[in-house]
Structures are given as structure tokens and as C-alpha cells.
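In order, the protein sequences belong to chains A and B.
Note that UniProt numbering has the first sequence beginning at 1, numbered continuously upward.
Note that UniProt numbering has the second sequence beginning at 1, numbered continuously upward.
By construction, these hints were calculated from the structure, which means they are not laboratory data.
Please read all numbers here as calculations on a predicted model, not as lab measurements.
Some hints could be false.
The list makes no distinction among identical chains, and a pair is therefore deemed to hold if it is satisfied within one copy or across any two copies.
What the hints assert, rightly or not - Below, in silico cross-link-like pairs of lysine-lysine (DSSO-like), each with a Cα-Cα straight-line distance of 30 Å or less:
#, residue 1, residue 2
1, K184, K34
2, K291, K60
3, K293, K184
4, K291, K269
5, K293, K251
6, K251, K7
7, K184, K291
8, K251, K60
9, K310, K291
10, K251, K322
11, K251, K298
12, K184, K308
13, K251, K310
This is what each chain is made of:
2 protein chains.
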Amino acid sequence: MKLATYKDGSRDGQLVVVSRDLSTAHYATGIASKLQQVLDDWNFMAPQLQDLYETLNNGKARHAFPFDPAQCMAPLPRAYQWADGSAFINHVELVRKARNSEVPQTFYTDPLMYQGGSDDFIGPCDDVVVADEAFGIDFEAEVAVITADVPMRASPEQALDGIRLVMLANDVSLRNLIPDELAKGFGFFQSKPATAFSPVAVTLDELGDAWQGGRLHMTLQSTWNGRKVGMCEAGPEMTFHFGQLIAHICKTRNVRAGSIVGSGTVSNKDWSHGYSCIAEKRAIETIEDGKPKTAFMKFGDTIRIEVKGKDGQLVFGAIEQKIAACTA
Amino acid sequence: MKLATYKDGSRDGQLVVVSRDLSTAHYATGIASKLQQVLDDWNFMAPQLQDLYETLNNGKARHAFPFDPAQCMAPLPRAYQWADGSAFINHVELVRKARNSEVPQTFYTDPLMYQGGSDDFIGPCDDVVVADEAFGIDFEAEVAVITADVPMRASPEQALDGIRLVMLANDVSLRNLIPDELAKGFGFFQSKPATAFSPVAVTLDELGDAWQGGRLHMTLQSTWNGRKVGMCEAGPEMTFHFGQLIAHICKTRNVRAGSIVGSGTVSNKDWSHGYSCIAEKRAIETIEDGKPKTAFMKFGDTIRIEVKGKDGQLVFGAIEQKIAACTA
């Protein structure tokens, strides 16, 4: 099934079930009002939502209405955890090569992950509000999953069973703040502002063959200012699958229901696929020409991130955002 | 007023109001069931809880019962944000001096903060469950605040107005995992397992003169295996006050209600105050004798963290935990 959260002025919005073709939606009223509730009590609530989903797909849901992604908050407008990996090692290799630094051997066996802020996610069509253009605004197109409870010391295989939903993310990064921040040694903080997620989060059965071994074998498209810049394969080159990423968290703690885990920038060795973040394009330019040519995003720039199924239809809806100045 | 969360088998527990002397408590039923609800709608709910608090203090609350810290979850059993500072630069100076490294000048003007996991906090009397003693188990006694909504670009002074509640934290750290983790460049992750908080979170008016300039001017006591090891002043040497820490987060994003912000290990220049984490004791030993002598915690070790008012009474209740092996 496909789930979304509609804006209603509240902090957590209203849970809606969305038809497979994303044409119609239906409030989940009577089952659950918020997605977190469903994740907290999945085995009881998911079958009820699935029933509603089937009725909706059959055109028989009485109070269905046209689905409008612009009315969506992030599927989880706020979450108890947002842990983002950097699971496409090719991305790390490129960025490091551009600054003449080696990739440590452990990076191929031990996932890179950082803890992100999760109190204030932005909706798929909301502006990306940034205080200063000089921060070096970049998009990062990613795949993300929402988990069930997964206990401490779970294996990667056990962790795979703890994946409830899949969605897309725009993990906005402020590139010019990163060097100073990483030099301080405590990791990303100010350089990672609010993250946006796709209109719709979907269960694994919706993905069919495309979900294999904890990876999404589909093409992630990124369109910057109307120009298609990325057609990256999200599956085969993901060095660590989502079960491995979740198990990495579980080494020292429990992962609780509603945790969001990200893949990191989707990246392919074959540069003809384009890029899922500008930093990577700039790394390639630096490797080729000694310096980056492509500038980061400006206020007014747009970014669209989407995945299409074999039928050409959007699977998760599209993230479609504009960069805007903070006027506060 | 003083607020706590009682275990009831649910993920978020039941909100209780606790009397000033921590002797009695009363369910907040009819006002709010969870602390996050109160933080989401503070101006409406806090006055109602304050009324109940006064009735309770006057011994007139009809359904009052004896308060038992062992029944407590963390005041927020899970939160949308846990951002921990390292605001006592003396701690950083000691740790760096022990490894012959300088403290960069910017550390005195730009706070160090990391994003922590917030999906699975532990109660004040719950065991600290660790998978392996060899991880180098350490306690970290800290002061923490819970915030209201604070908008992007808020000043430190504005951010001070966004502090709703104060509590204590045991930011458990796995010291032997830290070097490799920091070397990866993405900051703390596996080295920071679940954090514990004091039984009670209190509003600023409860602290009287002890709350000044965004700092808690009280003595934080740490007792390890029954031996008092720390009597550290939490106020005067806090290099960055809580308004500055919150404003640091707000540089690039909004901080939303219910965010928890920590001080980092409380640390004093005068070593006679003792220590609020073992790593600091080991740093001092290394500076003095070339190598650390004190070992990290073992399974079965206990840690008690508390603050007493001028009247000798506990202000936040005590964190009182045992280190236990993960049996999963």
C-alpha cells in the first residue's frame, strides 16, 4: 500500500491512504490519524489500511478525493530517528579522489552513517528555506526506509525484516559549512538542515522485483532547474544494503519503530548516469579539470526527485522543491 | 513545576505531576497523557498542570500517590531531537591535552555539538544495557533542557526564552569505539548508545537563583560504585550557555518543541571537584603519569547522578543505574 500525510495545520498532519496510481486518496480516519501510530502498532493497523487501500484501488472508496502531492507533509513530518548512511561508496570515492585523499579500506566493510535532525522535516513540495546562499546549497537524492522495532545486535538479515516502508529523500546539504564542521571532529550538524521526503511511502510488496536484497533496483531521477541531471541506478551499486545499515545502528542500541534510515547519495561508477548531488558533479569536474565548474544552488532554483516504475508511473510521487531565502 | 513519565507498558508512558519534595505524584489525566503533548501545546496545558502541581504541594490532590523514581521512564521516553553540546571547554582541553593535541581557537567561540539518537531513551533507574564490556563503558553526567519551538536564526537570547524544562542526563559513551568512529569523519554514532535522563524535569521557576544566564548554578554529583567521584559546579564554567547551544542548532534550521539539548560533560578546572565522566579522570592520569590508571565501567557497576538544592533535597531525583550485559 501507499501512505501519505496531509497537511491539516497540526504538527503531525493526517494520515491518508493513496491509490497505487497516485490519482486518489482517502483519509485513514477510524483506523489511525498519524503514520507514527501505525508504525507503533503495525500488525494491528496495517491490515486495516491495506483493506482501505484495496477498496480505493477498486474505485469503491466512498470518500476518495483527488490526491495532491502539494498538500503533503513528509510521510513522517517528524520522527524519533533519522540516520543517514553513505552506502554508495562510489560517491565517497569521487569526493575523496577530487581532494586527493584515499578511501580507507574499512569504508568497504563498515558503513558510514550520521545521525540527522528529525524534529522538523519538510514536505515534498515545500520550499527548502536556507538562511544564506553562501552556505553552498546542494540537493542529495536518496532512498530511505522506515523501520519497525529492531533490537540491539540484530543481524543484517534480521534487520531486513524490520523494514516497513520505502520512500525518497532530499537530504539537503550546505556544502560550504561541511569542511569546518568536519574539522571540528563531531560530524555533520549545521551543514545538514531539514530533510524533505517524497509524498508517498510504500510497502515492500508495491515494489515487486525491484526490491531485492535490501536494495531498490530502480532509477532515481534528479531534475535541476528543469534539466535532467541524474538517472542513477539505486540498486546494484549500493555497497551496503538497508539491512546492513540498520544493523550498523543496532550494534550498540535498539532501533525503535518509525526510525528513518537513508541510503546516502545514490551514485554510479558510470558517469553517464549523471549525478544525485551537485558535490559529485563538482568532484568529477575537479578530477577532470583541476577545479569545479558547476556552482551550487541559488535562491529560486528548483529540484525534482522521482522514481518511475516499468509502467512509467511515479512510484513515490515526486519531490519538487524550490530553494528560498529565510525571511525570519 | 516538576513533571515525570510513569511506565505503563506503552512507548510514551503516562505523564505525572510530582510534588516539589518528590514525595508524591498525581497522574495528569484529563490534562495530558504524554509530556510531548504538553510541549506541543505548552501555553494551554502548562497552566493546568501548574494548578495540579500547587494542589499536590498543598497536600490536597485527592488521588496523589507516593512518587517512585523506579517507575519512571525518561521524562520524554523518545524525542524528536537530542542534540548534545560539549559546552564545558575544560573537558575538551583535558582530553586533548592528554593526547598532546591543541584546542583550536574556534572551540572557544563556536560550540561543539553532535546529533544523538532519540528514539529509545532509558529511564533513570533502568539498566544501561551494553553488548560488550570491551566497548569501554563510561557515564557522562550532564545538564539537559527541553525546548519549545525556536525558529531558524534565533539569537542566543531568543533561544533562552525557548527553554521549557531542565533535567539531568547520563549520556552513556562507549569510549573504545570513539577513536575509529571519529577517524571516519562522520562523528559519533555507535559510540553513543541510549541516553538516560533524571526522573523529573522541572520548569525554570523551580530553580530560583540557581538558573542564571542560561546556566544551572548547582553542583552535579556523580557516585560510581558507591564512591562519590564528582562534585562538579554546573554553572560558572559552562563556556556556552543553553541559549547559545540552541541558537547554534538554529543557524540552519528550526528547532521544534520537545527537542532536548545537552550541556556535555560537566567539568571544572579545579580537579578537586572530581569528574563527571571516567574519560576525564583518565585524561588527568595521562597528563600526570603518562598513562591512564582508572578502568572504564564493568557489568554490574553502578552510577548515581544527582543535584541537591540548598535544602539538601534532590531537585530532579537521581539517575541510579546499573551496567548490564545485553542478553539478546
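Verification of the hints:
no.: 1; hint: K184 to K34; in the structure: neither (38 Å within a copy, 37 Å between copies)
no.: 2; hint: K291 to K60; in the structure: neither (58 Å within a copy, 73 Å between copies)
no.: 3; hint: K293 to K184; in the structure: both (28 Å within a copy, 28 Å between copies)
no.: 4; hint: K291 to K269; in the structure: within (20 Å within a copy, 46 Å between copies)
no.: 5; hint: K293 to K251; in the structure: between (41 Å within a copy, 28 Å between copies)
no.: 6; hint: K251 to K7; in the structure: between (36 Å within a copy, 26 Å between copies)
no.: 7; hint: K184 to K291; in the structure: both (25 Å within a copy, 25 Å between copies)
no.: 8; hint: K251 to K60; in the structure: neither (46 Å within a copy, 49 Å between copies)
no.: 9; hint: K310 to K291; in the structure: neither (38 Å within a copy, 62 Å between copies)
no.: 10; hint: K251 to K322; in the structure: between (38 Å within a copy, 20 Å between copies)
no.: 11; hint: K251 to K298; in the structure: between (40 Å within a copy, 18 Å between copies)
no.: 12; hint: K184 to K308; in the structure: neither (40 Å within a copy, 35 Å between copies)
no.: 13; hint: K251 to K310; in the structure: neither (37 Å within a copy, 42 Å between copies)
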